[in-house]
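Undergrad: Using the hints, position chain B against chain A.
Below, each chain spelled out in residue letters.
Number of protein chains: 2
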Amino acid sequence: MHKKGLLGQLIQNLCCLPGVGPKTAQRMAFYLLQRDRNGARNLAETVLQAIDKIGHCEQCRTLTEYPFCEICADSSRDDSLICIVESPADVWIVDQATQFKGCYFVLHGRLSPLDGIGPDELGLDLLEQRLATGSVKELILATNSTVEGEATAYFIGEIAKKYQVQASRIAHGVPMGGELEFIDSGTLSHAFKGRKEI
Amino acid sequence: MHKKGLLGQLIQNLCCLPGVGPKTAQRMAFYLLQRDRNGARNLAETVLQAIDKIGHCEQCRTLTEYPFCEICADSSRDDSLICIVESPADVWIVDQATQFKGCYFVLHGRLSPLDGIGPDELGLDLLEQRLATGSVKELILATNSTVEGEATAYFIGEIAKKYQVQASRIAHGVPMGGELEFIDSGTLSHAFKGRKEI
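Those protein sequences? They're chains A and B, same order as listed. For the first sequence, counting from 1, position 72 maps to 98 in our numbering; every step adds exactly one. For the second sequence, counting from 1, position 96 maps to 122 in our numbering; every step adds exactly one.
One chain only, chain A, in its complex shape:
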């Protein structure tokens, strides 16, 4: 009965966060109201500002509040190397994990004709325009290693060929520290086929 009211509404709305169910939302609501009203105010104001101002980079389509993201705007980065990823989160992951100093291009998805996601939805027209300028030397295809991710990588590889731009796919195989015993057979067979001379 007393789940109505503003507190009930707060708990219900907290459930829109990914991975947050009613119990967690309840704990969060009580925490914010009892322990950290300042933090809650900052959070709410930042959320409003972010959804208002953050859009897509005009060049690489990642999330940014500026016309061009910080990577595209950074003149010290090599814009002749473009790493293709599925989501803005992947940009962060690749940038944190690797020494890559080129630029990115975010698809915001992967080819999935049944869901109506074709080349246009992935911004591939924008990518083609960039390839057509002749300033791009290499595309690094870092889409996920799923069926759709592989198909998307193949499709973009064909586009690259058309513009005579080199395209490479990130390596797949046994993860570092992985024991063969625990690797699935698909990965292991892939790792065998992709073996390199040492």
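Check the hints yourself; a few may be wrong.
Among chain A residues calculated to face chain B with C-beta under 10 Å, some are [stated by the list, open to error]:
hint, residue
1, GLY45
2, ASN64
3, ASN68
4, THR72
5, ASP78
6, THR90
7, PRO93
8, ARG195
I should point out that these hints are in silico values taken from the structure, not numbers from a laboratory. Where a beta carbon is used, it is the ideal one built from N, C-alpha and C, also for glycine.
TA: What follows is chain B alone, placed relative to chain A:
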């Protein structure tokens, strides 16, 4: 480098939520911006409204946006029975789990002299005023079964005695469905001492 900006700030502020670290905050930020901007706006607006309007019930000290909470304002509930709990969350837990149709009193903590939490911080003066009116028949002490929770229950029991109000403590023992093998010895010894004839 590109962790600065509004997106970085959003991720940082999401970390103020309990149980949310940088990785989860990152996932939440991307989710809100890419999938659910409406939900994010509703959430932010509800948070602002909640921290602005939600205060303590004048009678039982639980969280509410009204002068009196929905339970205290509900004339169908028996206000001669008062269940004492440590936090507003406990009010919900007790109310959802039991058939209790009385009212509550929220301590917002437990006696902890070393942390400077004495009877006044727990609102026990307010509780005493209510006992002094003579309208209260029973206090049900539902503080947690910790050292401080027990001490707080004992302390409030003494106050009840002073006003000749009956006080009871919720039962402690083996949880329903609990197997003896997995119960700690303290609980088991408590359950033995508190055994009842069947």
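Undergrad: With reference to the structure, classify each hint as holding or not holding.
TA: Now the hints, each set against the structure:
1. GLY45: holds, 7 Å
2. ASN64: holds, 9 Å
3. ASN68: Holds, because the Cβ-Cβ distance from ASN68 (chain A) to chain B comes to roughly 5 Å (cut-off 10 Å).
4. THR72: holds, 5 Å
5. ASP78: Check passed: Cβ of ASP78 (chain A) comes within 9 Å of chain B, closer than 10 Å.
6. THR90: Where the cut-off is 10 Å and the nearest Cβ of chain B is about 7 Å from THR90 (chain A), the hint holds.
7. PRO93: At about 13 Å, which exceeds the 10 Å cut-off, the nearest Cβ of chain B leaves the hint on PRO93 (chain A) violated.
8. ARG195: violated, 24 Å
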